[in-house]
Structures are given as C-alpha cells and as structure tokens.
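S.K.: So you can see what is in the structure, the chains are spelled out below.
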Amino acid sequence: DQQVKQNSPSLSVQEGRISILNCDYTNSMFDYFLWYKKYPAEGPTFLISISSIKDKNEDGRFTVFLNKSAKHLSLHIVPSQPGDSAVYFCAASYHMLTFGGGTRLMVKP
Amino acid sequence: DVKVTQSSRYLVKRTGEKVFLECVQDMDHENMFWYRQDPGLGLRLIYFSYDVKMKEKGDIPEGYSVSREKKERFSLILESASTNQTSMYLCASSSRDGSTNEKLFFGSGTQLSVL
Chain A
1 DQQVKQNSPS LSVQEGRISI LNCDYTNSMF DYFLWYKKYP AEGPTFLISI
51 SSIKDKNEDG RFTVFLNKSA KHLSLHIVPS QPGDSAVYFC AASYHMLTFG
101 GGTRLMVKP
Chain B
1 DVKVTQSSRY LVKRTGEKVF LECVQDMDHE NMFWYRQDPG LGLRLIYFSY
51 DVKMKEKGDI PEGYSVSREK KERFSLILES ASTNQTSMYL CASSSRDGST
101 NEKLFFGSGT QLSVL
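Chains as they are written, first to last, in the working numbering: chain A, 1 to 109; chain B, 1 to 115.
Be careful, since some hints might not be right.
Said to hold, decoys possible - Chain A side only, calculated, beta carbon under 8 angstroms to chain B, not exhaustive:
#, residue
1, E58
2, G60
3, M96
4, F99
Stated by the list, open to error - One-sided and incomplete, this derived list gives chain B residues near chain A with beta-carbon spacing under 10 angstroms:
#, residue
5, V4
6, K13
7, G16
8, Y35
9, L43
10, F48
11, G58
12, I60
13, P61
14, G63
15, C91
16, R96
17, F105
18, G107
19, G109
It should be emphasised that the hints constitute simulated quantities derived from the structure, not laboratory data. The C-beta atom is built at its ideal place from N, Cα and C for all residues, glycine as well.
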C-alpha cells in the first residue's frame, strides 16, 4: 500500500496563474517532506523541503504547506511559468525516503 | 558542480540476459541508491548502500543485486532479465551529513527495455 500518494496524475495551468500540487501520506512517523522536479531525459532534482515541525516553507515562487493533522502536503507555484512544466514528486522521510507517484504539470503560455 | 553519472542512457536486452547498470558519483557521498520509476508508481527503492561493501534491500529487491566495491561506484545487476524489469532506472547519492541526508542527487537515468 502506497504510504505517499499524489492523487492527480496531471495538472494543466495557464501561465501566470497559481499551480497547486497535492500530496497525502499515511505514516505519522514521517518527519521531513520534500518535493522533486523531473524534466524528461533528466533525473529528479530537489526543489524544496519542509520539516514536520513547520507548516510552511517558502523559496521564491515555490511554497510548501504541511497540514499534519490532515497528513497533507501541497506545493504552490506562483506565478506559474512554462519552464515549470515537469513531473513533480513529493517524498516523505523517516530514515528513508518514500516517493509519491508524481504529478505532471503543464503550464500553457 | 555535483554529478551522478549513469553509464547508459538507453539499453535493450533480451529475456534471461545478465544486465549491469553502472553509476558513479563524484561528490564523495557515503550513501548511494538505486530506484526504478514506473508511470503512476513513482520512484521505488530497489537497493541502497551506506558504505563500501555494504548493501541493504529496499522495497522491491527481488530479481536484483548490487555491488559497491568503491565509494564512488554503485552497480545494479539483473541476474536474469525479465520483461517486467523494463523500466527507467535511477541512481542517486546523498551525504551522511544530517542536514542533507534526505536530499538526493540523481543521475539522468537508464531506460532499460527487456524484450
């Protein structure tokens, strides 16, 4: 059973608007959460992370929100740009990383 | 700039062949990992290693083995390739430093097709 789930396999957003990518997890022992971004023909690259003691972390256009009571994580990209088009993986850590299935984001010009 | 290099970008093998996937990192990282990526399933951990000659099973080790003879090199071995091992294989490394322990650096991947 998947402990980390991304229920939306794809998301399409207009350039300049907000992109919201969601992630749910089941294991309450996870203490660190990360988002990775993957372009075709490249390996995933680290994007942003958040510790379980926080509920928000911001880095430029990217903000990650953590709702521990709901076991829910989200990534907000504002404003979205065509170069953000990629597959986004959320990951949760308790000694080891567990990845979600990924969400393909398409930002239309 | 940090680098994880996987020896092949694309590989086509036949059922029953022994397959070697090689990975080299130049960051002097202690930890190295092998994942496979399949649509809808995300990245699943096959094997990992925290030190030379050390290996641990991940979530899906069946049909695979690994070798880590040197710190910078981590090899994934498919003893007898099967069609259900057709996948994108990703190697990653990370430092044992606690602040970056979970931050993985990935190679570009090897797309393996088993016919």
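S.K.: Taking the hints in turn, state whether each one holds.
M.R.: Hints, one by one, checked against the model:
1. E58: Status violated, d = 18 angstroms.
2. G60: violated, 17 angstroms
3. M96: Hint holds; M96 of chain A Cβ to chain B Cβ min 7 angstroms, cut 8 angstroms.
4. F99: holds, 4 angstroms
5. V4: Holds: closest Cβ of chain A sits about 7 angstroms from V4 of chain B, inside 10 angstroms.
6. K13: violated, 20 angstroms
7. G16: violated, 29 angstroms
8. Y35: Constraint on Y35 of chain B satisfied, holds at 8 angstroms.
9. L43: Holds, about 4 angstroms.
10. F48: Since chain A brings a Cβ to about 8 angstroms from F48 of chain B, closer than 10 angstroms, the hint holds.
11. G58: holds, 8 angstroms
12. I60: violated, 12 angstroms
13. P61: violated, 13 angstroms
14. G63: violated, 20 angstroms
15. C91: Nearest chain A Cβ about 8 angstroms off; hint holds.
16. R96: Not OK, violated: R96 of chain B not within 10 angstroms of chain A, min 13 angstroms.
17. F105: holds, 8 angstroms
18. G107: holds, 5 angstroms
19. G109: This hint holds: G109 of chain B lies near chain A, its Cβ roughly 6 angstroms from the closest one there, short of 10 angstroms.
Of the numbered hints given earlier, the model fails hints 1, 2, 6, 7, 12, 13, 14, 16; all others are met.
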